[in-house]
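Mapping to UniProt numbering: the sequence shown position 143 is 143, numbers consecutive.
Heads up, a few of these hints could be off.
Stated by the list, open to error - Computed list of lysine-lysine pairs in DSS-like fashion (alpha-carbon distance at most 25 Å, straight line):
hint, residue 1, residue 2
1, K477, K159
2, K31, K478
3, K384, K45
4, K31, K99
5, K303, K269
6, K269, K238
7, K384, K320
8, K69, K43
9, K303, K320
10, K477, K31
To be clear, the hints were calculated from the coordinates, so they are not data collected in a lab.
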Amino acid sequence: MPLNSLISEAGSLKKSPLKATASNTAVPKRKQLLRASIAHYPKSKPANKSADERSCESLYQRFYERFYKENIEIFTDGALVIEDGIIRDIGDYATVVQKYPDAAISDYSGKWILPGLIDSHLHYPQTQSIANYGDQLLSWLENYTFPAEMAFADEEHAKSIAKVFINQLLRNGTTTGFVFTTVHASSCQALFSAASDINMAIVAGKVCMDRNCPAQLQDTPELAQRESADLIDQWHNKGRNKYALTPRFAPTSSDAQLAALGELATQYKDVFIQTHLSENRDEIAWVNSLFPHADGYLDVYDKHHLVRERSVFGHGIHLKQDEWVRLGEANATLAFCPTSNLFLGSGLFNIEQANANNVHVALATDVGAGTTFNMFKTYGDAYKVSQLRNAPISPFEGFYLMTQGAAAAHQLDDEIGNLNPNTTADFIIVEPRYDELTALRISENAAFEDVFFALSILGDDRMIEQTWISGQCCYNKKENQHALA
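Could you build the full structure based on these sequences and the hints that come with them?
Put into structure tokens, the structure is as follows:
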């Protein structure tokens, strides 16, 4: 379907029967029991800060590989019980079904129920910019990103793209995104509003830039601080929305602007911080010339109190050793964006270094330099990147980095990332044998890791049968319906 048709459909006032809102959702009171194969990580990997183990990467890697294999919870014939938008129970079907004789049963045998996927770094204004040919980072921004973002001065355009964007997340199984908007506060409002319509967990922020970008996209230190504070007051922890202070990257923010945002980071200690870090060597050289007083790229942010828990840095490909150490000490997170890094020729992320320095890592698409909204395919490219580094990321680890691992990194694992009782009922139903080739490749009784890996290489949005948000089905492939249609 042409993009203009998608925008027109998404922007209409037509109500879908799958529509669910934070305020008027009619969540069934009767317990629902869903039968399928189930996989999730009920707990997070421990951080081992032994100096001896940190000095031995191979030992450290074996420690993690053992965790990923031994701590995944798999039910080949499983049951998930939900009620009032919350997960109530999980286990083997034969056991769980006896505990809930009055539950409404839905049988998805042959399919897999997985936690809703978490995309830890992407740009909704770049939805229309995806798959443009031929640039590296800095020219990509100039030729594609900035022109696309100028259009978001129009609030109706922002609302339309926000709905298309969320529908793309849903059809690819993503239930939480860490999202960059534009410099326009109204673009952030549009995204939070669309997510709130289906009670979706979104972390987002107004992009802040006061130099080295088109004049139409510049704010000031004072305006960036004031509008960010207003958006925090309006949206942070309201429903399932959370705010992220969002300087685009160091070159487009002055010291004064970073200082203004750092004041907010100090005042609002539970807000997130998201930006970019060491993606491209030309970018790093530019940062060094713009901030000669700083001891490297990360230090630019650190001097302004922007390196801490709940700081999420996109990329981190070309880091110095002291920066790896500082990120680990700060309990910060790196968003690994393999499709974007390959597409822009930025470099190969070093996940072994991250593990060796106790740096949280979460997978991310980085749409629109990223080439897919699909987190399975994102792991597929992460695997290829890690193969080039002679340290392949296992299917277990890949699954962890888009579910429980990401949630724990962001300190949200009490709500999302797993299927534990009393967490929010965000989950997906995956059809592994959805076409001729996948039916040939994936046997009916295939182990989870084989299913996950095969779909990460061969799969696309057709494998997502349903996406559930807060206990409501917000995308159903068979009915071709989205909650925001």
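25 Å Cα cutoff - pair K303, K320: holds, 17 Å
Given hint K269 paired with K303 - CA-CA distance at most 25 Å: The hint holds at about 16 Å.
K69 paired with K43 [C-alpha distance capped at 25 Å]: holds, 13 Å
Agreement of K477 and K31 with the hint, judged by alpha carbon distance not exceeding 25 Å: holds, 23 Å
Satisfaction of hint between K99 and K31, Cα-Cα up to 25 Å: Given pair K31, K99 holds - Cα atoms ~11 Å apart, limit 25 Å.
Hinted pair K269 and K238, Cα distance within 25 Å: holds, 16 Å
Hinted pair K477 and K159, Cα distance within 25 Å: Judged against 25 Å, a Cα distance of about 24 Å means the pair holds.
Distance restraint between K384 and K45, which requires alpha-carbon spacing of 25 Å or less: holds, 24 Å
Distance restraint between K31 and K478, which requires alpha-carbon spacing of 25 Å or less: Holds: K31 and K478 sit about 23 Å apart, inside 25 Å.
Pair hint K384 and K320, alpha-carbon separation not exceeding 25 Å: holds, 23 Å
Going through the hint list in order, the structure satisfies each hint without exception.
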